[in-house]
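2 protein chains.
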Amino acid sequence: MVSAAFAQTTAPALPDPAATTVQAMGWMQGFPPPPDKQLTFDNPAVNVYPRTRWTFSHIRELVPTANVWRGGAAPSPLPKAARAPDLDSVRFKAMGTGEELTFAQSLERNYTDGILVLHKGQIVYEKYFGALTPERPHIAMSVTKSFVGTLAALLAHEGTLDPASPVTRYLPELKDTAYGDATVRQVMDMTIGVHYSENYADPKAEIWDYARAGGMVPQGRDYAGPRTFYEFLQTLKKEGEHDQAFAYKTVNAEVLAWLVRRASGKPLAQLLSERIWSRIGAEQDAFFMVDRIGTESGGGGLNTTLRDLARFGEMMRNNGRAANGQQVLPKAVVDDIRNGGDPAKFAKAGYATLPGWSYRNMWWVSHNADGAYTARGIHGQTIYIDPKAQMVLVRYAAHPIAANAAIDPLSLPAYQAVADALMKK
Amino acid sequence: MVSAAFAQTTAPALPDPAATTVQAMGWMQGFPPPPDKQLTFDNPAVNVYPRTRWTFSHIRELVPTANVWRGGAAPSPLPKAARAPDLDSVRFKAMGTGEELTFAQSLERNYTDGILVLHKGQIVYEKYFGALTPERPHIAMSVTKSFVGTLAALLAHEGTLDPASPVTRYLPELKDTAYGDATVRQVMDMTIGVHYSENYADPKAEIWDYARAGGMVPQGRDYAGPRTFYEFLQTLKKEGEHDQAFAYKTVNAEVLAWLVRRASGKPLAQLLSERIWSRIGAEQDAFFMVDRIGTESGGGGLNTTLRDLARFGEMMRNNGRAANGQQVLPKAVVDDIRNGGDPAKFAKAGYATLPGWSYRNMWWVSHNADGAYTARGIHGQTIYIDPKAQMVLVRYAAHPIAANAAIDPLSLPAYQAVADALMKK
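Residue numbers (UniProt numbering), protein chains in the order written: chain A, 1 to 425; chain B, 1 to 425.
It should be emphasised that the hints constitute simulated quantities derived from the structure, not laboratory data.
Some clues are possibly wrong.
Since the list can't tell identical chains apart, any single copy or any two copies may satisfy a pair.
[Said to hold, decoys possible] Computed list of lysine-lysine pairs in DSS-like fashion (alpha-carbon distance at most 25 Å, straight line):
#1 Lys127 to Lys80
#2 Lys331 to Lys238
#3 Lys175 to Lys37
#4 Lys266 to Lys238
#5 Lys175 to Lys93
#6 Lys120 to Lys175
#7 Lys266 to Lys37
#8 Lys424 to Lys345
#9 Lys266 to Lys331
#10 Lys348 to Lys238
#11 Lys388 to Lys93
#12 Lys93 to Lys127
#13 Lys204 to Lys37
#14 Lys37 to Lys93
#15 Lys345 to Lys237
#16 Lys238 to Lys204
#17 Lys348 to Lys127
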């Protein structure tokens, strides 16, 4: 797995980022755009690079969505640092290959759509590429899961959702599924034994059945399968045992989103707005992709601006306190995430680029010297929080490969190098 | 036509508003909602009352949309008047029947989702019913056209779009259609001779072909017709002559939206944001329904909050100046709208509830003693500007009948009575 993942990052098959920008490709220009430059939901290639450099910043123009209201208050300040080190020229060695690059070089090589670095709450770096702009939401992919996990941890802290309870206490609908004998905690930490493949490269993998059921990809004319997330989740069968190993499967986040709705009595978009988005001083609304009955995708459907993602990360870094002074989350909820899960269970999953890490409440915890923990989504979506360096780094991207193993070699060491540079400052 | 229209408003077939509220019907409650309480886009009844009391406030959860950004500035104030007359008890006589009602009674009888009255820029009345809330956008239906007409008038004032030019100067694609020998002005004032029926009650009317082409209603499994607004507009054939009579047809607004895009070089959502929405101090983003290639519906796809609709109306009332002091539109553009079109051409259309009115730049002009002019959308969407009374009244509604002739008898005299009460204050 190691060599395959590393090989992918330098494979000659990867398209030239500079030659495949939105501008170079000319997507969706004109009224109407030329037929070969149109990006439509019913075109399966719309989810394939280089089209994704446009679509990832235009999701709501393709599918129905639910708004996550920012509330009525003024945005919290996100000031620029008066002086910032030259991060572009920070050098690092790529994981695996040892190739030496600058931070600036890594951004293009990783097909970055936007990146923002906060140091002590101030912007020290902010760049946009492709179709992304400061006010435009970009799809967060599985970074969505960390929002769902945070809300679940909050409800658990408040006693509304009991991690020790069986899932069926809240969702009797799942009695005859893989979740029939699982606990809420096992769902939160993804130690569920369920027959479900997350391999995006395999068109027969269940991740595509999931996406079709939720209307995230076209169902096709003769489709006769499940037509909502809830219907799909009720088809999942057990495979292996629970609580033995970390096994990253998007359906667990979707089950957790369902648990959070049932426990709170609120749609996910409303709960996220009330408990987090309206309290961190977000400057724009966020939104979720929804299925045909309006159910938000808790597995990967959240879209936010880069700046608001940074505000959320900064609140996490400050033990739950937003820049506007609001204590959004109790410190105990953030601590429970930062402290991480069981590295032994995580190790069994065999992530070559994440040695010694763990997974807790749908967050990835590095257990490194800086205590870094992250939210991660395919194609390069990231919240990277480095408490020791007092750094929050957020990135949206459109990497051609739907696996972070292909992106980590040029990003995780780059982030550490940036953190080191900020600590030296 | 008169008696038929008046009869409809009191027909026993009209459902009881109180018994068919969103709360009474229980739409979309629960995770998932019970099957018979689900409102999905693929259910044709979703556009039929009483479901519309929910769907009109949840459009973006059903279809793809394009955002109209409010910009980064603080919202302009929309202060409550310190003292306001009791408008609920204002009495008026219904047009036609002479039935006497209070303003409050008229709101329920007209299936009002929300109504807000500004007097001298201050809120003297604001109520929400159904699924509408102050921060939630509601579909504006054909009020959308008045936004498109205003943008067109602005571009005309600036010389970017020439009303005297043939449509084909900008849109050569329409050479072989009804618009092949029409001018831009004829489109702006809807004096186009085109074979196209706007009769919503007739399932074979072209308004439904238009809606299907744009993805505003389901296309159905075996659909083989036009699949974008642009494709549909290129099918329209001439019927009768241009410039003879006002003929209200939504496709004219869609052609005007195309003209505005081609002349400005910008998508409608972007142009509306840059020229109006970001400058009136809107407190929420607005959005358009879009077709499969992201083309906004300029005929009826705009969604806004009621408060922001009021801000737009107040800017119009103040000769183009918003409450935040910005001169959003030149006074000449507003004057050209207020002064109206040709009442003789309007009279030929036979609107029984609108005697002496005219139509200009996609606005309806009363030519009454107060100089009132309005934006109107089916099912009761309204901006009603009464310059003499210094009043702006905005209303979103879900009246079961898709024709303002059924709603005017209980609303136009009510608005005049409210205006009179404010002038007496």
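Against the structure, the hints:
no.: 1; hint: Lys127 to Lys80; result: within (13 Å within a copy, 42 Å between copies)
no.: 2; hint: Lys331 to Lys238; result: neither (35 Å within a copy, 69 Å between copies)
no.: 3; hint: Lys175 to Lys37; result: between (47 Å within a copy, 24 Å between copies)
no.: 4; hint: Lys266 to Lys238; result: neither (28 Å within a copy, 52 Å between copies)
no.: 5; hint: Lys175 to Lys93; result: neither (49 Å within a copy, 61 Å between copies)
no.: 6; hint: Lys120 to Lys175; result: neither (47 Å within a copy, 61 Å between copies)
no.: 7; hint: Lys266 to Lys37; result: between (40 Å within a copy, 17 Å between copies)
no.: 8; hint: Lys424 to Lys345; result: neither (35 Å within a copy, 77 Å between copies)
no.: 9; hint: Lys266 to Lys331; result: within (24 Å within a copy, 47 Å between copies)
no.: 10; hint: Lys348 to Lys238; result: within (19 Å within a copy, 71 Å between copies)
no.: 11; hint: Lys388 to Lys93; result: within (21 Å within a copy, 73 Å between copies)
no.: 12; hint: Lys93 to Lys127; result: within (22 Å within a copy, 62 Å between copies)
no.: 13; hint: Lys204 to Lys37; result: neither (29 Å within a copy, 34 Å between copies)
no.: 14; hint: Lys37 to Lys93; result: neither (38 Å within a copy, 57 Å between copies)
no.: 15; hint: Lys345 to Lys237; result: within (21 Å within a copy, 69 Å between copies)
no.: 16; hint: Lys238 to Lys204; result: within (18 Å within a copy, 51 Å between copies)
no.: 17; hint: Lys348 to Lys127; result: neither (37 Å within a copy, 58 Å between copies)
Checked against the numbered hints above, the structure violates hints 2, 4, 5, 6, 8, 13, 14, 17; every other hint is satisfied.
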